[in-house]
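Visitor: Read off the chains here:
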Amino acid sequence: MIRFENVTKVFGNKTILDGISFEVGEGETFVIVGLSGAGKSVTLKHMIRLIMPDDGAILIDGEEITGLRHAALHEVRAKFGVLFQSAALLQWMSVRDNIALPLRELTNKPEEEILRVVDEKLAMLNLADAGEKFPADISGGMRKRVGLARAIIMNPKIVLYDEPTSGLDPVTSRRIDDLIVNMREQLGITSVVVTHDLHSALSIGTRIMMLHEGSIVENATPQEFIRSKNETVQSFLESQYITKKGKWEGMGHE
Amino acid sequence: MGVPVRSAERMGEKILQSVHNTGHAMFMLFEAVWFIQFAFGRRSRKETATQLYITGIKSLGVITVVALFTGMILALQTGLELRRFGQEAFIGSAVAVSMIREMGPFMTGLIIAASVGSAIAAQLGTMTVSEEIAALEVMSINPNRFLVMPRLFALIVMMPILSVYTNILGIFGGAVVGATQLGVSMQAYMDNATQFATNKDLYVGLFKALIFGIIIATVACHQGFMTTEGAVGVGKATRRSVIISFLIILVVGYMVTRLFYI
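Protein chains in written order, with the working numbering: chain A, 1 to 254; chain B, 1001 to 1262.
In case anyone wonders, no lab produced these hints; they're calculated from the structure.
Quantities reported herein were computed from a predicted structural model and do not represent experimental measurements.
Be aware that one or more of the hints could be misleading.
SDA-like cross-link-like pairs, simulated, lysine to any residue; straight-line CA separation at most 25 Å [claimed, not checked]:
1. B:1200 <-> B:1063
2. A:14 <-> A:28
3. A:79 <-> B:1140
4. B:1058 <-> B:1200
5. A:79 <-> A:5
6. B:1236 <-> A:5
7. B:1046 <-> B:1060
8. A:79 <-> A:124
9. A:109 <-> B:1141
10. B:1046 <-> A:112
11. A:79 <-> B:1144
12. B:1046 <-> A:5
Far from chain B, some chain A residues (derived; all Cβ distances over 10 Å) [to be verified]:
13. 55
14. 56
15. 59
Okay, the calculated bits of chain B under chain A, using three or more residues with CB under 8 Å as the criterion [to be verified]:
16. 1128-1138
17. 1194-1200
Even glycine gets a Cβ: it sits at the ideal position worked out from N, Cα and C.
Same shape as in the complex, but just chain A (with noise of 0.2 Å):
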């Protein structure tokens, strides 16, 4: 489904993604971990174009997204919703117009059809009392579940998100891991996180893969990537108090 061969990326005089490649398969929760810094953000940003890599080839679908023009970059984009790491609500609109927005811009949808699938996704979400809130005035995480229903109102086959539960609180972060999971649970959807909490990814990953310095240093399941014999996997896995033991024995899904 999403496919990277050979990715190099290079800001400056620094290399961010070093020859990468990987693949994730449809249904999938790929989840990408890291320090900051390691290249995961712009990972995730080269998927939809907002970055183009200075080598190699990303295909979605089978299709090389690199040299695409206008019309066919958008059909690819269609396929995607994205959770950004602030949530990217325009602060102008209340969160009813937020969600609403796609459907507006980009379909002839009459407005008694879009408020309907709008207060759906609301409902699903959580946010039935928050539809004419503005952004500026709801926490964090419901911000992310706006930034969730928007991108998913569109019904995308894949959906990146983009550190969703940083800056949450503990309680908040695993209610957002829940509906990542129900994403691919209830609605098919191909999701790729990003994050450096290794909580929520051995929680909700179907594959992890960790980049270190420009490099994959693993790419495994759950049960897999806990028993890593790579010692920046063991050193970051020893950060955040992950042990084979214990908790995350036997953990993740197949």
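Position chain B relative to chain A; hints supplied.
Guide: Only chain B this time, still in chain A's reference frame:
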């Protein structure tokens, strides 16, 4: 050898960057001009009306004060000089021609660049650093249609209207100074003003205002979209937007005057 080569490299990079930025700004402008046909379409009419209101109605207060005092200062300065030759009756024409040809559009351009232009740069800059522009692009919502076009349209429409408003108030301000400070009656002032100001002066002034509107919208939107570095970057973009707009307005104002009057 090393230092001059590095300096030349840096200069070359800056020139290339400037050419790239200018190309980006021109592409943005052309695309926004193309989208103006949809200014009152179902998807854009609300934002277009909002921008017309912000640019036109919300700028009236500051424009009123600046226009009145510009006319009053012009009348006082020229009137005091003309009085030395016993020609103060001619301040009507001096103020009217100066306002309509130059000061009306110029002062309006500076005020709008400093108020509306800076607000546009700050808003779009904030949207850029908080990934709202990226979100629009991913949703296949063209930011040039969604954000630039309504602002460009509002400035194209409102700048000539505000310029006429500035002219009227400036000329009125001059009349007040003439009547109260220089002993020139309102009637004599207005007779003199209408005798020397021509239709060409008005058209050239309106043309300048229109061009200034395009300059302000293009510079402000482009600077907003180019913003990096978070809150500091938004501040820099806002400052650059005002400075670049001021400079281009000055240069273009001179060139238009030269084109039509020499």
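Visitor: Hints first: check each against the structure and report whether it holds.
Guide: So, going through the hints one by one against the coordinates:
1. The hinted pair formed by residue 1200 of chain B and residue 1063 of chain B meets the criterion: a straight-line CA distance of about 24 Å does not exceed 25 Å.
2. For the proposed pair residue 14 of chain A and residue 28 of chain A, the alpha carbon gap of about 31 Å is over 25 Å, so the pair is violated.
3. Between the alpha carbons of residue 79 of chain A and residue 1140 of chain B the distance comes to roughly 11 Å, so the proposed pair stays at or under 25 Å and holds.
4. Distance hint between residue 1058 of chain B and residue 1200 of chain B is unfulfilled; the C-alpha atoms sit about 29 Å from each other, more than 25 Å.
5. Among the hinted pairs, residue 79 of chain A with residue 5 of chain A is consistent with the structure: their alpha-carbon atoms are about 20 Å apart, no more than 25 Å.
6. At roughly 38 Å between alpha-carbon atoms, residue 1236 of chain B and residue 5 of chain A are farther apart than 25 Å, so this suggested pair is violated.
7. Simply put, residue 1046 of chain B and residue 1060 of chain B have alpha-carbon atoms about 21 Å apart, close enough for the 25 Å limit, and the pair holds.
8. Pair hint residue 79 of chain A plus residue 124 of chain A holds up; C-alpha atoms about 21 Å apart against a cutoff of 25 Å.
9. With a CA separation close to 16 Å, the supplied pair residue 109 of chain A and residue 1141 of chain B stays within the 25 Å bound.
10. This hinted pair checks out: residue 1046 of chain B and residue 112 of chain A have alpha carbons roughly 18 Å apart, not beyond 25 Å.
11. Our distance criterion of 25 Å between C-alpha atoms is met by residue 79 of chain A and residue 1144 of chain B, whose separation comes to about 22 Å.
12. A hinted pair counts as satisfied when its Cα atoms are at most 25 Å apart, and residue 1046 of chain B with residue 5 of chain A does not qualify at roughly 44 Å.
13. With a closest Cβ-Cβ approach of about 21 Å to chain B, residue 55 of chain A is found to remain outside the 10 Å limit, as its non-interface label requires.
14. Interface exclusion of residue 56 of chain A from chain B stands, the closest Cβ pair being 21 Å apart, more than 10 Å.
15. With a closest Cβ-Cβ approach of about 18 Å to chain B, residue 59 of chain A is found to remain outside the 10 Å limit, as its non-interface label requires.
16. Residues of the stretch 1128-1138 of chain B with a Cβ under 8 Å from some Cβ of chain A number 7, which satisfies the need for three, so the listed coverage holds.
17. A count of 0 residues in the stretch 1194-1200 of chain B with a Cβ less than 8 Å from any Cβ of chain A is obtained; the coverage claim is therefore unmet, three being the minimum.
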